[in-house]
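Here is how the chains run, residue by residue.
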Amino acid sequence: MIPSPVGSYLKHMSRPAGHVVRPFAFFRAGARAEARESEKPILVMEGVYKYFRPDVPTLRDVNLTVGRGEFVFVTGPSGAGKSTLLQLVYRAHSVEEGRILFCGRDVARLTEQSIPFLRRNLGIVFQDFKVVPHWTAFENCAVALEILDMPDRLIRARVSEALDRVGLAGRGEERTSNLSGGEQQRVAVARAIVTEPALILGDEPTGNLDPHLAIDILTLFEEINATGTTVLFATHDHSLLSKRSHRIISIDEGRIVESRRGLSGWSGVQSIAS
Amino acid sequence: MTLKTVFRRARRGLREDLRLYLVAVSSLTVAFISLTGALVAVQNLELFAKRWGETGRLSIYLKDDASAQDVSQLRSAISALSEVADLQHLTSEAARQQFFQEAKVGAEFSELPLEVFPSSLEVVLVAGVSTKRVRRIASKVGQFHAVDSVETYLGWFDRIAGLVSAVRVLAAFLIVVVLLCVAAVVGNTIRLAIASRRGEIEVMKLCGATDNFVRGPFLMEGAIQGGLAALFAVLFLFAGYIFLHGEINEALHAFTGIRLVFVSVPTVIGILFAGVLLGGLGSFISLRRYLSC
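In order, the protein sequences belong to chains V and Y.
Just so we're aligned, residue 1 is where the first sequence starts under this note's numbering, counting upward by one.
Just so we're aligned, residue 1 is where the second sequence starts under this note's numbering, counting upward by one.
Quick caveat, the hints were computed from the structure, so don't treat them as lab data.
Model, not experiment: these values are computed from the prediction.
There could be a bad hint or two in this list.
[To be verified] List time: in silico DSBU-like cross-link candidates among lysine-lysine, alpha-carbon distance up to 35 Å:
id	chain 1	residue 1	chain 2	residue 2
1	Y	LYS205	V	LYS130
2	Y	LYS50	Y	LYS132
3	Y	LYS140	Y	LYS63
4	Y	LYS205	Y	LYS140
5	Y	LYS4	Y	LYS63
6	Y	LYS205	V	LYS40
7	Y	LYS63	Y	LYS50
8	V	LYS130	Y	LYS140
9	V	LYS130	V	LYS40
[Said to hold, decoys possible] Quick list of the computed label-pair ranges, beta carbon to beta carbon:
id	chain 1	residue 1	chain 2	residue 2	range
10	V	ASN178	Y	SER196	18 to 28 Å
11	V	SER177	Y	ARG19	37 to 47 Å
12	V	ASP128	Y	ARG288	22 to 32 Å
13	Y	SER196	V	GLY167	41 to 51 Å
14	Y	ILE285	V	ASN178	30 to 40 Å
15	V	GLY167	Y	VAL176	31 to 41 Å
Glycine included, every Cβ here is placed at the ideal spot set by N, Cα and C.
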């Protein structure tokens, strides 16, 4: 079972006095607990197959390794299997064949009861934001910490910090429905980072935004990545890919067809654009 | 997940679906009014039956032409019985005065003729005399020449005892109806709340909420609905009791010998507890059926 941040927190809190630790040290962005641990990849997919129809695999023989602190684009045309790939990581679905190791643990073998504890170590941002419109920005972020049973005082401080990081400082009391699309997505990003997860999954987070806001949100993800958090960013928008030199995993018809850094001279641009 | 967190989230849920919950609570209040009303009726009827059953009284109505010697002979015979605790001769005039004193009726009754109030011997029996023995005494006394009729009040007792049994059955039936009603209303309300908050639930699950974290506030909301409905029902009936208390209590006491009582404090606590429990239970059943976490 993936250890929960709370468990990790309590474990560290029981250390002798004077030993300075930060909460969630194990998964804390940029944590360097052990050199050997930090060298291990955070996410490994080995021979992953996923079928929604018996004869047509949505993902076929996917092999992928994502190192700690990496920023990886997952791209491909609509229906290629980008979202499915991410959904397998947070166990919205389970694999039919192969295994997915997150922090060395096979998420495919987790019991139903363990899935919430896996998700507490992930931050997920969606194309449709998935914020609760009648809640305030603060409440939308705080829910992730309430789940961890954090004290109110700490929740207030952490949410305030997260909203500050996404450029929504002082706007916590505004109802999310009153915010613009870009701001709502920032709230979603704040909710994803407020628990300081080990890995952030972006499932086409810029899909509903205009190009200018899309760049803003991408930059936000990059800032988060700069603190050491691993980011897996699914997009079919090649204009975003062309502006950055991150590693790009291209999926087509459920298969990883290419893995490269940057877009220069990449033949896949045409197929994605089409 | 602390109780404080559950309560805070439940309060937020109640606020968001306020109209839905108001409708639910008012429906449940009607159900609890029926139940509590039946309990009040049972309690008062039981008191009434007990009062009449324990009275151990005989009213021996005398013939108008009964001579003083016959009456004296009758008194001696009755006084000799070991079951008799007290014996008083109530003349027609005394009976008339007593009626106007106790019944506090208006002036329209003041012209009633004296014949309406026959003279009687009022016998008080010692405690614990069986109804069989009372009937036997009445039968023997009735054979005296001066006696017109004997009222044992046991007929009333039998009728009231029958009525109490019927109301008890009604109350038991109402308990079942209320139980089903609360489970159905709370269940449906929670089902609608789950549907309207599907987005919230999805967000919580994606953030790593366990099933218990999602369910907790809904259970609390169900319990609050049930508890509030029970409380409102008790308050409504108590207000009615206070109103009727002043209006009819004296007349009721004059005619039946009892005063109207409300359900006891332990019963009120029981009703409130039942409301909370039934609300929580209805919510729990609904969550099991409709919340596929």
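* Asked: Does the alpha-carbon distance linking Y/LYS140 and Y/LYS63 stay inside the 35 Å limit?
  -> Between Y/LYS140 and Y/LYS63 the Cα gap is close to 16 Å, so the pair holds against 35 Å.
* To do: Quickly compare the C-alpha distance for Y/LYS205 and V/LYS40 to 35 Å and report which way the hint goes.
  => 28 Å, holds
* Could you say whether the range 31 to 41 Å given as a hint is met by the Cβ separation of V/GLY167 and Y/VAL176? => 59 Å, violated
* Asked: Between V/ASN178 and Y/SER196, does the C-beta distance stay in 18 to 28 Å?
  -> 20 Å, holds
* To do: Compare the distance between the alpha carbons of Y/LYS4 and Y/LYS63 with 35 Å, and conclude whether the hinted pair is satisfied.
  => 77 Å, violated
* Would you mind confirming whether the straight-line C-alpha gap from V/LYS130 to Y/LYS140 stays at or under 35 Å? => Violated, because 90 Å separates the two Cα atoms, which is more than 35 Å.
* **Agreement of Y/LYS205 and Y/LYS140 with the hint, judged by alpha carbon distance not exceeding 35 Å** => Outside the cut-off at roughly 84 Å; violated.
* Asked: Do the alpha carbons of V/LYS130 and V/LYS40 lie within 35 Å of each other, as the hint requires?
  -> 32 Å, holds
* 22 to 32 Å as the expected CB spacing between Y/ARG288 and V/ASP128, which holds or is violated -> 29 Å, holds
* Asked: Does the Cβ pair V/SER177, Y/ARG19 satisfy 37 to 47 Å?
  -> Taking Cβ atoms as reference, V/SER177 and Y/ARG19 lie about 19 Å apart, which means the hint is violated.
* To do: For the range 41 to 51 Å, tell me whether the beta carbons of Y/SER196 and V/GLY167 fit it or not.
  => 31 Å, violated
* Are Y/LYS63 and Y/LYS50 close enough, with their CA atoms no more than 35 Å apart? -> 31 Å, holds
Hint compliance for this structure: hints 4, 5, 8, 11, 13, 15 are broken, all remaining hints hold.
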